[in-house]
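*Asks:* Chain H is fixed; fit chain R onto it per the hints.
The lines below spell out each chain.
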Amino acid sequence: MILTFLSVSFLVFSFLDMAEGDSSAYVLPEDAAEEEIAAYREAQGLNRPFLERYSGFMLSFMKGEWGISAAGHDIKSMIAHSVPVTISIAFSSIFLALLISVPLSIAAVRRKWIGCGVSVLSTVLMIMPSFLLSMVLVLLFSVYFRVFPVAGYVPLSRGFILHVRSIFLPSLTLALLHSSLFMRVFRKALAAGAESQYSLFALSTGMSEKEIAVKSALRPSLPLLASLVSQSLSFALGGSAAVETVFSLPGIGALMVDAALSRDAQLAGTVMILVAVSVAFVFFLFEGILPMIDPRVRRHR
Amino acid sequence: MRKYIILFLSFVFLFSCSSENDDSALDIALAQEPPTLDVQVNSSISGKMIAVGNIFEKPVDIDEDGEIVCRLASSYSLSDDGRHLVFEARQGVLFHDGSEMDADDMASSLNRWLDVYAAADEAAGGNRFSVDGNTVYIDSDDSLLMLLMMIASAPQSAVIMPKEVFESDDYLISEYIGTGPYLISQWYPGDYIEIARFENYEPYGYDKSSGPDTLRYFFVPDGTTRRMGLESGQYDAVDCILSDDIPALSENDDIKLLQGDESGTIALVLNKRSGIFTDVEMRRALSLLIDRNELMSACYGDYGYSIDSAYMEKESPWYVSPEDDPYSIRDEQKGKEILSSYEGPIRILSSNTSNLDKIAIALSSELEKHGIKTEVIVLDWASFIEKRRDASSWDVFISAYTKTALAQMKSYLSDANPGWLEDEKALLMLDALNKAESLEEAYGLWNETQRYLWDIVPAIVPGHYSTVYGIRSDLEGVILREGFYFWSSSLSR
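Going down the list, the protein sequences come from chains H and R.
Positions in the first sequence are counted from 1; adding 1183 to them yields our numbering.
By our numbering, the letter at position 355 of the second sequence is numbered 340, and the numbering carries on one by one without gaps.
Next comes chain R alone, as it looks inside the complex:
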């Protein structure tokens, strides 16, 4: 027996001596693996964190102040009436395959993006980009301001690739050739993606050349494993720190916690096509009845959320203060009175991703407490998406919505998406927003629209959440903006 113990311990010692990390690489653990890095099609935050800015770049981007800044376009112009949009392609930018980017590549990429992104197609009025020498331009009968905003910031990213990439018949691209400071050096689905410095990257305007030589993104779905990996030094940075882990981690000197701006909203989207919530009084009653704090803490614990019924995030210029939301101040008695006239169970639909099912259960128990019958349906993501399309099978669904740059990008504000906002006045107001000729005009229109929407309650926003990131305390220069980015970070190991 003793012999075995000695053997085991010596074995353990043998393996504990080897080195943990090579110094030039930064190891990052992400909760989610992007299904594809075709970021024109897929809008996952993890895909953005890996690919947008690192591998691919856009013609224009939005800076911290919400202003449009040039990237791959050396300049842009929008005519005074907003109906003519021009980008000038930057000279001397190389793709990862060595070829030089030109206006043709920019037009093909933007047109493919319009093909796969219906909301952008609508903003473009069905028009496409054309090439004129070194510039690309698009004309429309309506203002293209919102299209410009979308190119800069939409969840489906308008990134530029060589036009040859789009020649294949497949729906998704299979070659990832960009202009960014990093190129994909290794990719093992289910394991990790490694991106390495692109030798011929020429910094322009916005320097990204000081970051680490190699970034490795590991996919670690388990929150506890991510935390333990950060604590043991195996990972230099991790995303989605669990709320329960925050107290312990903030006492650890080796670790820094970063909390960015609000990253998105939780919404209870009501079915306005069939069932109980076709009645606006019922929708208002539900909004009055619920305890928003209860719902948010069911999912997030003690940290990382705020109670706020505004549809847009607090830091956004679109934000409308929720004081004017007549149905966000709790009135249990009134809510109960109206809702209890309904006999059948209220069907609450949610998916088991990101703990959203906990909100569904909290909502159910709150309603049951008031004697209102409920039925909770929790499904995996693919089934949830499918079930949602069937208006006859649910009354309210719960989902998380990542922050959007434009108010009209919230997908529950559409007559085509589940929830089916078919109110004519609301649709007209949203359409006017799409045609706004200046941002000031758009903000003003949204202010009115938000107030109207609060009144007809197409959805209830109990609050906003912010993702908490954990990094080693000697890692400097991490950029936090809808995810974390490392192109100008450095380690003082």
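Bound conformation, chain H alone:
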């Protein structure tokens, strides 16, 4: 675990170090004179050797002193502002994705024509770039119907409804992308379950098709769904740079993009470690939940 954090932060740090240019290009004006640049580099400690900067960063990170970004903002408060955005979108997008994909997958197993529709839908969603999808949704819901705002984030503290309104379209965009994967995999598992021997047996005992779909086919497919959810969730916690840019959301993805463009190794390193921690946490949680929903895992242990 600690090795992961070390290597993640080291990689980010050294990539940004290898990239051309440094944060002076971002903070100082385009025509800054050599002496201005030199003074800035000196003050920011950019002249110090790489290993010294990296170890200094890791030490202060461990101590909980995350310092200030290249532009002079407190990194802790920047992250504190963007984490809720990403968490809120990650969870609501997974929730919406389940809301879309589970009923559709069950319906697809029971009715062939729905199955065809679902296949087409999930293929279309899968090949659609996320920024295009979000543009279409914005045009439809924001400009045409004027139901949701085009961009921007409203924190939960300013009211639940305003908050949900501001994250609905970005969440829906991500949800549609997640659900295309969910539907593909989950539907196959359901279909396999429905054709399996125990389902046939259930049919022979006089259970209705609906009951079979829910009871005997759904249950064995749940662990698979859970692992898909945990993967998508850990992916979403890293933030989606494309969606966050289109909707101007101040999330983790946007923060990472800014940090990379401004060559801010301190900020990028801190964010990456936190993302790695959260991904590890989601997997840990999933390992804990799995035996609860899958008796087979319990028995193997």
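Because the hints were derived from the structure by calculation, they are not lab data.
Just so we're clear, the structure is a prediction, and the values are computed from it rather than from any experiment.
Glycine residues also receive a C-beta, built at the ideal position from the N, C-alpha and C atoms.
Check each hint, because a few of them may be wrong.
If you anchor each label on the Cβ, the simulated ranges turn out as follows [unchecked claim]:
#1 R:N185 x H:M1311: 52 to 60 Å
#2 R:D126 x H:A1226: 29 to 37 Å
#3 H:R1341 x R:G286: 37 to 45 Å
#4 R:S195 x H:G1342: 26 to 34 Å
#5 H:R1341 x R:S235: 29 to 37 Å
#6 H:E1203 x R:S326: 29 to 37 Å
#7 H:E1470 x R:N185: 56 to 64 Å
#8 H:R1329 x R:E300: 33 to 41 Å
#9 H:R1341 x R:A376: 51 to 59 Å
#10 H:R1293 x R:S235: 50 to 58 Å
#11 R:I292 x H:L1339: 45 to 53 Å
#12 R:D316 x H:A1226: 47 to 55 Å
*Replies:* This is chain R only, laid out in the frame that chain H set:
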């Protein structure tokens, strides 16, 4: 299935009922987020739009006619030989922290500005401001007229803050305490900055007390999102309207489009230290060969630019009409003849910010059309700035230059900046400009300098651009000057 659809629609309805805006605040969407509001160091237009005039103010400013007017200085005087400059600090002006501004604050702020701004330091001849009672003064061996002009209008703004702000060791300031009508109430990097009325603001000379109580500047990098936000009423004002959106938006009665004076120039800066363009004939040939309209429309589409090879903007008193530019009239044949003697590819460097890479590609395809080999290098901003410093890796770079109040502030007219104008005569002429004792003298000197520069082609200016702003049509009193300002605007909602 039907149940789901009903559920979804009711959900949509539920959220569509809530209110969009509170009335006292004006929501503004800007394309760019300023990395810092330390406007003495950072010269971004977005930082200026938020901070200069709203939060911070300068001792003197420049009005629409190019005249110097007093702001935080109640008066200023420049001796006849231009070597002694005095500002008198205005009495009774309060900082946002409640303390009163005095001459000490003014001198410390101006001296810190000189420390971080090499061009101003040069104009001051390395000298610094001193305090004498209620006045600050500076002496130099050369004329300080240009320093005065820079304090009034330089891209790195000479704003006044309490002297305590500069006591920290950090390069950038971390407390934003000014004297303006607004103070920062909330700032979420990457999201928005909210500024609110400063209760103790006392209007002097120039009233800024009628504007909205709160201004929120949102950072919306995507042009389409900004446009849609303006159309849906989420934003009251947006900057950098895309050229493609202009026809549709100008037909919308709820929206007013504002186009200010020319906001800056596009320049193809030629590498005069290494490679093909060290040869003046090659530089002239390139200037003759290119189709300027093609280059400008590649970036701006159908609107928002003019073809003009003058270095300064048309509305400026420095403007020299381009009729006398011998190499701005296209002569493809001659240009091609000379340039095609060059074997290696011409390396065109640009960054992907503000569509400048489109100009690079247009330039490349034009040269290729004439059988001249090219290589296009497009980088992100930080890499572009770094690459530019290496004379051996490029032949021409493309950049946009915001309008400057003084001709010698154009950064490609220097031997220290990439492009490296090392021509002795040109440098002497520019230096004389710095020492001019009156503006009339300076304008005259620039007229000669501009003609000489057209002849030796250190850079090619294909044209000028103007930013188009979009505001709600019921928003009145917006001030348009290197950005848009709202301190005396009002909404008739």
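*Asks:* Hint by hint, say whether it matches the structure.
*Replies:* Hints versus structure:
1. With their beta carbons about 54 Å apart, R:N185 and H:M1311 fall inside the hinted range of 52 to 60 Å.
2. At about 30 Å, the beta-carbon gap between R:D126 and H:A1226 stays in the expected band of 29 to 37 Å.
3. For the pair H:R1341 and R:G286, the supplied restraint of 37 to 45 Å holds, since their beta-carbon distance comes to about 38 Å.
4. The hint said 26 to 34 Å for the Cβ distance between R:S195 and H:G1342, and at roughly 31 Å that hint holds.
5. A beta carbon spacing of about 35 Å between H:R1341 and R:S235 agrees with the range 29 to 37 Å that was offered as a hint.
6. In this structure, H:E1203 and R:S326 meet the distance hint of 29 to 37 Å, their C-beta atoms being roughly 32 Å apart.
7. With their beta carbons about 59 Å apart, H:E1470 and R:N185 fall inside the hinted range of 56 to 64 Å.
8. In this structure the hint that H:R1329 and R:E300 lie 33 to 41 Å apart at CB holds, the actual value being about 39 Å.
9. The supplied range of 51 to 59 Å is met by H:R1341 and R:A376, whose beta-carbon atoms lie about 53 Å from each other.
10. The given range of 50 to 58 Å is respected by H:R1293 and R:S235, whose C-beta atoms sit roughly 53 Å from each other.
11. Distance hint check for R:I292 and H:L1339: the Cβ-Cβ separation is about 52 Å, which falls inside the suggested range of 45 to 53 Å.
12. Checked against the hint of 47 to 55 Å, the pair R:D316 and H:A1226 passes, with Cβ atoms roughly 51 Å apart.
The earlier numbered hints are all upheld by this structure, with none contradicted.
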